[in-house]
Amino acid sequence: MPTRHTLFTEDFLRRLEHLNVVTRKPAAGHLRGSHRSRRTGTGMVFADYRQYSSGDDTRNLDWGIYMRLDRLILRLFEEEADLPVYVFIDSSASMAHGTPRKFDFARQIGAALAYLALLNYDRVSVVAWADGIAAELPARRGKTQVWPMFRFLEGIEPSSGTDLNSAARAYFGARRTRGLVIPISDFLEERRSSFAPCVQWLRQFRHEVVAFQVLPPEEMNPELPENIVLVDDETGDSLPLEVTPELMRDYRAALHAHCQSIETECRRQGWSYLLARTDAPFEDLMLTALRREGVLR
1 MPTRHTLFTE
11 DFLRRLEHLN
21 VVTRKPAAGH
31 LRGSHRSRRT
41 GTGMVFADYR
51 QYSSGDDTRN
61 LDWGIYMRLD
71 RLILRLFEEE
81 ADLPVYVFID
91 SSASMAHGTP
101 RKFDFARQIG
111 AALAYLALLN
121 YDRVSVVAWA
131 DGIAAELPAR
141 RGKTQVWPMF
151 RFLEGIEPSS
161 GTDLNSAARA
171 YFGARRTRGL
181 VIPISDFLEE
191 RRSSFAPCVQ
201 WLRQFRHEVV
211 AFQVLPPEEM
221 NPELPENIVL
231 VDDETGDSLP
241 LEVTPELMRD
251 YRAALHAHCQ
261 SIETECRRQG
271 WSYLLARTDA
281 PFEDLMLTAL
291 RREGVLR
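So in the working numbering, spot 257 of the sequence shown is number 257, and the numbers just go up one at a time.
To be clear, the hints were calculated from the coordinates, so they are not data collected in a lab. It should be emphasised that the depicted structure is a prediction, and the values quoted were computed from it without experimental measurement. Take the hints with a grain of salt, since some may be wrong.
Estimated spans, in silico, between C-beta atoms of each pair [to be verified]: (1) Asp232 to Ala174: 27 to 33 Å; (2) Ser159 to Arg297: 25 to 31 Å; (3) Asp279 to Thr244: 36 to 42 Å; (4) Leu61 to Gly270: 36 to 42 Å; (5) Gly64 to Arg203: 30 to 36 Å; (6) Ala174 to Met248: 43 to 49 Å; (7) Pro281 to Arg203: 31 to 37 Å; (8) Asp237 to Arg203: 32 to 38 Å; (9) Arg169 to Thr58: 47 to 53 Å; (10) Gly64 to Arg267: 31 to 37 Å; (11) Ile133 to Ser54: 22 to 28 Å.
Think of the CB as a built atom: it goes at the ideal place given N, C-alpha and C, for glycine as much as any other residue.
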């Protein structure tokens, strides 16, 4: 593949190619892919038996049963289907912080997983959200769509506020096919009270979810002068603040509790959750942590 992007090295892409996205639920797609489907068809994995009916494919008759019982019985196999993959990347203003930027790290996560899904002939949609849907790459499949997907992601920049619940409702209200949803965000605005409705919405349509919470060391353990003015990038509100050891202790405890609440909600639904630190090697996240979580194999 020619290099026409700035997201990854060719060596890293070659290492990714040996991995597959794993789903716990059978795929709901309609085109041929490589994931198990509830439909029976011409796959390789045996599913069940049923009585032969006129017009059925005689190639699937179990002649051993016919010889023993004098009955025409069909062997059914799981049909392989494509998996709808929905990559949701937070493009709100808060994602511009960190070194490297949270948004750049999130964009790489989304690009890597979309890349694997496209190689697997799954249907991939990419959505950037802020206070609504900021940009959208409609569903596409196949290796030829890798470079358009990379270019789409390279053209997005963070701006505005954030509202995952509104974005998810707007997007999935018109798309009811069950699939794998991958929200990638710092989730700093998604308090439990606002995150729960989004969870209910995704659960209603039985989506499988792999959530990434992206945070830089500057936010997890900030080093600040004694007197600062905090400015909210998304609202413009400011707050003069005296930084004390007690305040920093309370901040770290509150952030930990917030991250725990997001993870707890995800785990309660049987979803995957990963805390993605931007100071950790990206390859470790993709090649080690995701395999340990069971998202890739």
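Cross-check of the supplied hints:
1. Taking the beta carbon of each, Asp232 and Ala174 are about 32 Å apart, inside 27 to 33 Å as hinted.
2. Checked against the given bound of 25 to 31 Å, the beta carbons of Ser159 and Arg297, roughly 36 Å apart, lie outside it.
3. Checked against the hint of 36 to 42 Å, the C-beta distance between Asp279 and Thr244 comes to roughly 25 Å, which is inconsistent with it.
4. The given range of 36 to 42 Å is respected by Leu61 and Gly270, whose C-beta atoms sit roughly 39 Å from each other.
5. For the pair Gly64 and Arg203, the supplied restraint of 30 to 36 Å is violated, since their beta-carbon distance comes to about 43 Å.
6. Distance hint check: the CB atoms of Ala174 and Met248 are about 45 Å apart, consistent with the given range 43 to 49 Å.
7. In this structure the supplied range 31 to 37 Å holds for Pro281 paired with Arg203, their Cβ-Cβ distance being about 33 Å.
8. Checked against the hint of 32 to 38 Å, the C-beta distance between Asp237 and Arg203 comes to roughly 33 Å, which is consistent with it.
9. Between Arg169 and Thr58, the C-beta spacing of about 48 Å keeps the proposed range 47 to 53 Å intact.
10. Gly64 and Arg267 have their C-beta atoms about 45 Å apart, which leaves the hinted 31 to 37 Å range violated.
11. Evaluation of the 22 to 28 Å hint for Ile133 and Ser54 yields a failure: the beta carbon distance comes to about 49 Å.
This entry does not satisfy hints 2, 3, 5, 10 and 11, going by the numbered hints stated previously.
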